[in-house]
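J.: In case you want the letters, here they are:
Number of protein chains: 2
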Amino acid sequence: MAPNDGTQLDPWAGSYAARAVGLVSSEVRALFSVASRPDVVNLGGGSPYVSALPLDDIAELCARLVRERGAEALQYGTGQGTEELREQISLVMEREGIVAHPDDLVVTTGSQQALDLVSKVFLDPGDVVVAEGPSYVGALGTFTSYQADVVHVEMDDDGLIPEQLEETLRRLAVERRRPKLLYLIPNFQNPSGVTLSGPRRIQILEIARRHKLLVIEDNPYGLISFDSEPLPALRSHDEDGVIYLGSFSKTLASGLRVGWAAAPPAIREKLVSASESTVLSPSMFNQLVVSTYLANNDWDGQIKVFRELYRERRDALLQALADFVPQARWTRPAGGFFVWMTLPTGMNSKLMLPRAVSERVAYTPGTGFFADGRGSGHLRLAYSGPTPDRIREGVRRLATVIDAEQEMLTTFTGEVPIIAG
Amino acid sequence: MAPNDGTQLDPWAGSYAARAVGLVSSEVRALFSVASRPDVVNLGGGSPYVSALPLDDIAELCARLVRERGAEALQYGTGQGTEELREQISLVMEREGIVAHPDDLVVTTGSQQALDLVSKVFLDPGDVVVAEGPSYVGALGTFTSYQADVVHVEMDDDGLIPEQLEETLRRLAVERRRPKLLYLIPNFQNPSGVTLSGPRRIQILEIARRHKLLVIEDNPYGLISFDSEPLPALRSHDEDGVIYLGSFSKTLASGLRVGWAAAPPAIREKLVSASESTVLSPSMFNQLVVSTYLANNDWDGQIKVFRELYRERRDALLQALADFVPQARWTRPAGGFFVWMTLPTGMNSKLMLPRAVSERVAYTPGTGFFADGRGSGHLRLAYSGPTPDRIREGVRRLATVIDAEQEMLTTFTGEVPIIAG
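Chains G and H, in that order, are what the protein sequence lines are. Using our numbering, the first residue of the first sequence is number 288, and each one after it goes up by one. Using our numbering, the first residue of the second sequence is number 288, and each one after it goes up by one.
Worth flagging that the hints you see were computed from the coordinates, not collected in a lab. Heads up, some of the hints might be wrong.
What the hints assert, rightly or not - Okay, the calculated bits of chain G under chain H, using three or more residues with CB under 8 Å as the criterion:
(1) 355-368
(2) 394-407
(3) 422-436
Fair warning: this is a prediction, and the values are worked out from it, not measured in the lab. Idealized CB from N, CA, C, for every residue including glycine.
Take the sequences, apply the hints, and build the full model.
T.: What follows is the structure, given as structure tokens:
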């Protein structure tokens, strides 16, 4: 009898597409299930704090919408999304200096779907996507599901380093590998919390243009800024070379799954066709909920509420880190949901996670944010979900785990771990 | 200067993935825009008549949902969908004889997304999908967007002909082409309106098993039956060899985009991962709307309302066809939304469409429902949207177009067109 290696249990194991080999459960998904226990302080998932929304207003809005426009809200729509919402999105993008005609927009089922559509339209197997290192785990998963290779470029506190990008592109040219897309999260990046500086935006666009590299600007957090007005978007400098991805998941409600892409006309046309073959049309109901909310409710006031709320949580996290884990390093985000932590040398965030969960605190190990196996010395802390007190308690718990880990390392190696350079 | 052939206007024309070449505007989309004028009787689009829904009840339900479970409804969910909804879907599928555990299910953004996920997981470029001829235009678009080839198998009034399927598979084996999926819409098929008979379901499953062909059973219309209870689903006979796709688009509201797939465990796991990389999670809000509706409202009563409504419209269409277009042939659906019409020989439904729209009636030309260019002698009539009076008026207008067309053909050829065999 042939040995049973598990795959034999699946009678269709020989039928999958080559790309489906890369389809495995994400680390974030595995985390979600443990971290959802109420006794665990969840610094892992980057869920927005939707309880801060005016639920009574939204309840009333939904009821009115179904009564007054039910036949429209409950029906199929077009693949591109409603003109009403696209006009409103044009105005939203003006806040970051973008001039986009509603025709340039495609409404998507969350900006995750926009990532999928861009990948579907551009990525052949073996194509290269250049991305920040670290980068958003969900984007890396999408790119690799199309059998593309992700090549990371180093960041510092001002975001992606232009010289490193130039160097990477030179190396890829020598290796005869084709970079198709440059994927960037310029504001309060997931997972690093870092913002790409104004001057670097210009430099990077110039490099991308020279190398005929299409830029994907993913900006779900841009309006969640704590200290200043948002920087002009990359797309505001270059309409032909940038696909901009936006989302209402962080400024309104992730449960509605409403995002968008702004793209040059020929690309936009392909994105619409790709979306039709993927979901037919985005939910009319959810589009109308967003449109009605934007037209009638105080969205600016709500964004201010979110900014204050998340700023307070960020401050709590940074203070707790300084108080409890002084031996580690971390970033200082000016907006968004995330802090990126560098552990003392020799420590492994993935191996440490089960112990952290036993201590009732969860985080996301750094490895998920690299496509090349790096990241074990890092972890992502999300401050968007828990209250400031819970965040402080979570960091206290995390500190006991790190301290114990360090003690064990010292016992085994006889050396005091130091911070990596 | 090089001639400008149009593609030069797109600076990214050289960057698209090979699969994106197949991404073009669908014929149905082009149709939607003309046929939406209120003076046109739209027999083209298969939109459900959502105005028959109890809008006040749904309005109230949405408001209560946001007030009582807002923090859940407006938040991200899991890739697989809520357990609550998957349990309810299990019960829905029992109506067609399917025993499925909630774990076997993946909730999707409409069943179109389930088609996309199945394609993503199974189809390599050059793989063959065997489908009824004609078949659902949206499925053909999805299959070809993954660079698969669709091979059609003939139908008659009892659905796909098993002997023709066997013959097709034999031919593909000789040609060394690999059929991966058998795509079927067994009930009130789109576009033909035909239902696959009980005995043929068993025969086809046996052939598929023997050829290791995975069956995709797409069943959006099953519960919209006019004359009898639904036949047992293909999946009720074979859990390991069938992926079943269901939808609330026709029994509740297409604007919510809630569908599902029931699949063998190993496949289901891959579909969930593929869905996460496509939309992260289906809309929690819309899942909870459907769950709350199913739990608290008279869904069975609503399905009866829809059955009566669509039966009346089907009857109106069939009567009008008999009265006004006796020289054509058409199918007699026992449920669903569609009648498939065969024009007198020599007539071309695609070329005739602009004249029909001038006469203020729209239909869908048959060519969209074949992947191989056939179908010009046919057209699809959807009776789901217009009232019986409007349907009769639409067929009257269509008859004048067909009569004029026939007269022109007779003038040019000197022959009286006859029905194709």
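J.: Against the structure, test the hints numbered earlier, and report the numbers of the ones violated in rising order.
T.: none
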